[in-house]
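K.L.:
Listed here are the chains, written in short residue letters.
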Amino acid sequence: MESLRIYLKLIRISMQSRMQYRADFVIGIISVLVLNAVNLGLIGILVSRFNSLHGWTVWDMVFLYSLFVLGHSIYSLFFWHFNQMDDYIIRGTFDQFLVRPVSPFIQFIGREIQYIGFGDVIVGLASFSMAYTHLELHWGVGMWLFFAVVVLSGTVVEMAIRWIVACTAFWTGRSVALTFVMNRFNLLVQQYPIDVFGTWFRVVVTLIPIAFMNYYPSLILLGKTEHGWSWLGLVSPVVALLTLFIAAIVWRLALRRYASSGS
Amino acid sequence: MNIFWSFTRQAFHNTAIYRFEYWLQLVSAFLMMYSVYWIWNILYTQRPGAFGVELGQMVTYGVIAMALESIFNPGQGPQMYISSQIKSGSIDTDLIKPLDFHLHMLAKNFGEISFRFGTIVLPAALIGFLFLDLQPPATALNGLSFAVSLTLGYLVLFSLNFLLGMVSVLTIDIRSIAWTYNSLVRFFAGQMVPLWLFPGWLGGLANVLPFKCIYSIPLSIYIGKLTGAAVWEGLLFQAVWVVVLMAVCRLVWAGVHSKLVVQGG
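Chains as they are written, first to last, in our numbering: chain A, 512 to 774; chain B, 88 to 352.
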């Protein structure tokens, strides 16, 4: 509880410093909207010209996209700062998080609210509601609950993966390139149903569990149960917690390593 | 020519330091090539010979487009360097060099890009030939025109990037603007979705904007979508944009330069 209070306080401070630059905020949000409009526009043109992609219509794919963005938006608001981790390590400024009597994790993520994440929230909600209407879905309470759990699991999955990737910087000094490769995997999973890409791709994004953010749950939410893999959608929350657990262990190892290399 | 080589050498040193990063870049290039390969294969089983292009041609277009991304990614352009030099104020060190700034940026960027072409694009293309059904150019003439067209496409992209760098004089932080710009390039250059798939007015718009010089024209020439007179038209379109944009770059830089000098005085 005490850490939550401190976290909220840190967040308030970072928000206030951000809001000093209103224009930056607005331009940032607009650029997120343009970026996603371009992504969706390209998918829309491509798939509508061929009617569907591997049995996925344009609106199926918008749904897939929106589910990813919704989970991603919460990550991007609260946990984006992981991407800056290697910067602290290269400059040796990471020490500041270790000398104060608050959990380094709380201090670290309290550093920044990534305001661009608001753009993701808008994109996610807009594309989701459009897809929901066009696909003429009518979910009961159970489905909506499952949907909510899936979105949160998506957040946890991405957050945990990014956390682990950021931690690699404690060993290698830089995690930029690895982050870059992860971005590529993310973008592919976000935009296309992974059954398009053959077996080994499926294995990779199932083990690095990005596919649990949108693909597997979508099979259930869109009623594509003939895919045979759809049961994996149900275990999304379990996978999310497991990944988070692994990330926490890696974080511990990383902190221990940093402390010992300082001497 | 000498300064060009010195920049290539420097790019080599930078890459040699971060060897792990180099391999990851190759991996991510392959990942993108692999994914477009599958997308086109699946779309073409649904509709063979779609829009007058064979599967082999379409895969070749898509795979090379992804291989080229490591040099044509707008993030590789001179605008980030210009922006950071302006932000930190160290642009004066560039100005006291006995070099024309615009040509200096071109030599520097071209040096880095050539190095990446040799170390990432060529190996990626080789992998494409071995594993992803990449085809050679449609004809020898198309291959030759492709090389010319690719160079012209590069010059168009460089100029657009340079102009974006000039914006940083006005607003200091161009990161968000750069995002929007990158998105537009990605959309209108025809890298992922070729322009002949664009519907009606959108296709018309894409066909007059300079962005199609970057991916669409060179690759359409390579796969033989453009042949005969259409090749010459494509090259002419590119050449005109190169001349226009280069002139605009010089004019804008002249304006910006004089303003910088006044501030420095």
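Heads up, a few of these hints could be off.
DMTMM-like cross-link-like pairs, simulated, lysine to aspartate or glutamate; straight-line CA separation at most 25 Å [said to hold, decoys possible]:
{"no.": "1", "chain 1": "A", "residue 1": "Lys520", "chain 2": "A", "residue 2": "Asp535"}
{"no.": "2", "chain 1": "B", "residue 1": "Lys346", "chain 2": "B", "residue 2": "Asp260"}
{"no.": "3", "chain 1": "A", "residue 1": "Lys520", "chain 2": "A", "residue 2": "Asp598"}
{"no.": "4", "chain 1": "B", "residue 1": "Lys174", "chain 2": "A", "residue 2": "Glu647"}
{"no.": "5", "chain 1": "B", "residue 1": "Lys174", "chain 2": "A", "residue 2": "Asp598"}
{"no.": "6", "chain 1": "A", "residue 1": "Lys735", "chain 2": "A", "residue 2": "Glu647"}
Label pairs and their in silico Cβ distance ranges [unchecked claim]:
{"no.": "7", "chain 1": "A", "residue 1": "Asn694", "chain 2": "B", "residue 2": "Phe91", "range": "43 to 49 Å"}
{"no.": "8", "chain 1": "A", "residue 1": "Val537", "chain 2": "B", "residue 2": "Gly205", "range": "54 to 60 Å"}
{"no.": "9", "chain 1": "A", "residue 1": "Arg622", "chain 2": "B", "residue 2": "Ala334", "range": "43 to 49 Å"}
{"no.": "10", "chain 1": "B", "residue 1": "Trp110", "chain 2": "A", "residue 2": "Ala548", "range": "29 to 35 Å"}
{"no.": "11", "chain 1": "A", "residue 1": "Ile601", "chain 2": "B", "residue 2": "Ala234", "range": "26 to 32 Å"}
No lab work stands behind these hints: they were computed from the structure. Using N, Cα and C, we set each Cβ at its ideal position, and we do this for glycine too.
K.L.:
Does each hint hold? Answer for all of them.
P.N.:
Quick rundown of the hints versus the structure:
1. A/Lys520 x A/Asp535: holds, 23 Å
2. B/Lys346 x B/Asp260: holds, 18 Å
3. A/Lys520 x A/Asp598: holds, 24 Å
4. B/Lys174 x A/Glu647: violated, 51 Å
5. B/Lys174 x A/Asp598: holds, 19 Å
6. A/Lys735 x A/Glu647: Roughly 15 Å between the alpha carbons, so the hint for lysine 735 of chain A and glutamate 647 of chain A holds.
7. A/Asn694 x B/Phe91: 43 to 49 Å: Taking Cβ atoms as reference, asparagine 694 of chain A and phenylalanine 91 of chain B lie about 31 Å apart, which means the hint is violated.
8. A/Val537 x B/Gly205: 54 to 60 Å: violated, 42 Å
9. A/Arg622 x B/Ala334: 43 to 49 Å: holds, 46 Å
10. B/Trp110 x A/Ala548: 29 to 35 Å: Hint holds: Cβ distance 34 Å, inside 29 to 35 Å.
11. A/Ile601 x B/Ala234: 26 to 32 Å: violated, 40 Å
Violated hints, listed in ascending order, are 4, 7, 8, 11; each of the other numbered hints is respected by the structure.
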